[in-house]
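Asker: With these hints in hand, go ahead and build the complete structure from the sequences.
Sequences listed follow chains A and B, in order.
Just so we're aligned, residue 10 is where the first sequence starts under this note's numbering, counting upward by one.
Just so we're aligned, residue 319 is where the second sequence starts under this note's numbering, counting upward by one.
In short, the hints are calculated from the structure, not lab data.
Don't take each hint at face value.
Unchecked claim - Taking lysine-lysine and the DSSO-like style, the derived pairs with C-alpha atoms no more than 27 Å apart in a straight line are:
{"#": "1", "chain 1": "B", "residue 1": "K584", "chain 2": "B", "residue 2": "K629"}
{"#": "2", "chain 1": "B", "residue 1": "K703", "chain 2": "A", "residue 2": "K44"}
{"#": "3", "chain 1": "A", "residue 1": "K44", "chain 2": "B", "residue 2": "K672"}
{"#": "4", "chain 1": "B", "residue 1": "K563", "chain 2": "A", "residue 2": "K44"}
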Amino acid sequence: MKILNCPLNGPRNILEFSYGGEFHPMPDPSRCGSKEWAEYIYFAENQAGLVTEWWYHLASSYWFLAQRNTITDEIVRTFEVNEVFSERVEFSTQPEGDQNNG
Amino acid sequence: MPFGLLKFGLKKNYPGNHRFTPANKALKNHYDVVIIGAGGHGMAIAYYLVKYHGVRNIAVLDKGYLGGGNTARNTAVIRSNYLTEEGVTFYRESVRLFQDLSNEFGFNIMMENRGQLTLAHNDAAIRSFRWRAEVNQHLGVRSELVDRKTIRELVPDLNLSEEARYPIIAGLWHADGATARHDAVVWGYARGACARGVELHQLTEVQDITVTRGKVTAVETNRGRVECGCAVQSVAGTSSVLGMKAGIRLPIHSYPLQAMVTQSYKPVLTPHISSPQLHVYLHQTSRGEVVIGGGTDPYPLYNTRSTLEQKESLAAAVIELFPYLSQVRVMRQWAGITDMTPDYSPIMGLSPVKNYYLDAGWGTWGFKATPICGKTMAELVATGKVPTLIQPFELERFYRFEQINEAGATAASH
Ligand SMILES: Cc1cc2nc3c(=O)[nH]c(=O)nc-3n(C[C@H](O)[C@H](O)[C@H](O)COP(=O)(O)OP(=O)(O)OC[C@H]3O[C@@H](n4cnc5c(N)ncnc54)[C@H](O)[C@@H]3O)c2cc1C
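Answerer: This is the structure in structure tokens:
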């Protein structure tokens, strides 16, 4: 059994978690162009080596980050999101310039 | 005929399925075409280029040995019952080429038309099968929704009990489903290509790619620098890593895909059986082994280790379908690294680098595409024009948000 050390729930079977994708700063969807948005949602570094990625604990709906070696499958470190986000990120839901059109 | 067979049988140099071993040659410092990766795909591209387009100065480079990547590791399911028009048309053409491949090579690839039965355990699956059957039939692919009675006739030993955890309620029968000896396919292409002057260099790793003013000019290998007129990458699991060396970021994640095979038993099972709900598929080879595969590992990794969890889950699913297999012994297990795209369709054709061509994103389903991929990619390299059949699969589709969604037809059916 492979163990992942969850920052909230402690060491658990990795099958209790879901992989959530590579960690990339998200562009603001209402401001960025479609090329940048496509790059963000579809494209990946997919590196062989040390990577930072999102993980999710299914039972407790808890998102966190992990550093993992994608060659040796060693989970080097897991940490809470507040290490990279110091404040809540707000995104407007309407495209720039459309704000007044309802 | 029997005497002829006897003569072959007693001969020391049995002319049958010899493994193809390329001659060792010095690496030249220039080739017109450099193909990176000597799997089925790379060798097929070389074969069609030299045989049908007269391009001679070709090198195929592989960091390991001929056909030692996913070509050696796949479970050899060949089928064309996909969901999208683009996919069905493309794979249909590949299945057609497979039918004639032994003649093309003068070498037996052991093509067997066994049919494939995909199982529905719920209403949603029936809806999707009905949809696939309609699309398939419209495009001339043999595919039909079948009931439990027909399933029992097709596979008498299948567990059709209503007491099962997930009872089987219907199936998608694909008479065109087939299998072939995967090694023979790559050896056939390699033999044909090398006989016509293609150079195959094993243990030759491409470590860097030189791009000058938007064009590839050379590749750096562990055996030195090789200049090239153009280059093609066919490296499956390591597509992203190699692509980055040419400055190309791809919409790919690399996941291990595990499989296993039992010892040989008497022939009991003819068609391929696949259950998307149980995440398992299996068939019995002509040698009698039961080949068992499923879905990819749950997270990306560049490591072909095996896990007990996956083996347990495959075994549990197989025993649910065929309870009598509970006593069989697993003989081998292995994994390959699969290059998965978000829409479960490949990435073929042009790239942002002008003379650098992509043959990637084949994930868990690319063996069946080997002939048609070779043929169309060779046409592209030789003429510079993207063949109609592969236009929908270009990398650009992701920037246009025009994915070719095969998710429903590909997961755990390969
Ligand atoms: C367990 C498993 C089961 C599968 N089952 C099926 C199935 O039933 N049906 C189906 O259609 N498909 C299946 N597939 C998928 C199929 O195997 C692949 O899509 C297909 O074999 C890809 O062929 P290829 O020639 O592109 O890649 P490969 O055969 O992997 O060849 C790529 C080659 O590139 C070489 N290479 C990599 N990097 C470099 C470099 N930097 N320099 C030089 N050489 C390099 C590698 O050594 C390798 O030999 C399965 C895959 C796996 C792992």
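Asker: Does K563 of chain B pair with K44 of chain A here, judged by a C-alpha cut-off of 27 Å?
Answerer: holds, 21 Å
Asker: Can the restraint linking K44 of chain A and K672 of chain B be considered satisfied, given a maximum Cα separation of 27 Å?
Answerer: holds, 19 Å
Asker: Hint check: K703 of chain B vs K44 of chain A, CA-CA at most 27 Å. Holds or violated?
Answerer: Answer holds: K703 of chain B to K44 of chain A is near 25 Å, not above 27 Å.
Asker: Would you check the hint for K584 of chain B and K629 of chain B, treating anything up to 27 Å between C-alpha atoms as holding?
Answerer: holds, 23 Å
When each numbered hint is compared with the structure, no violation occurs for any of them.
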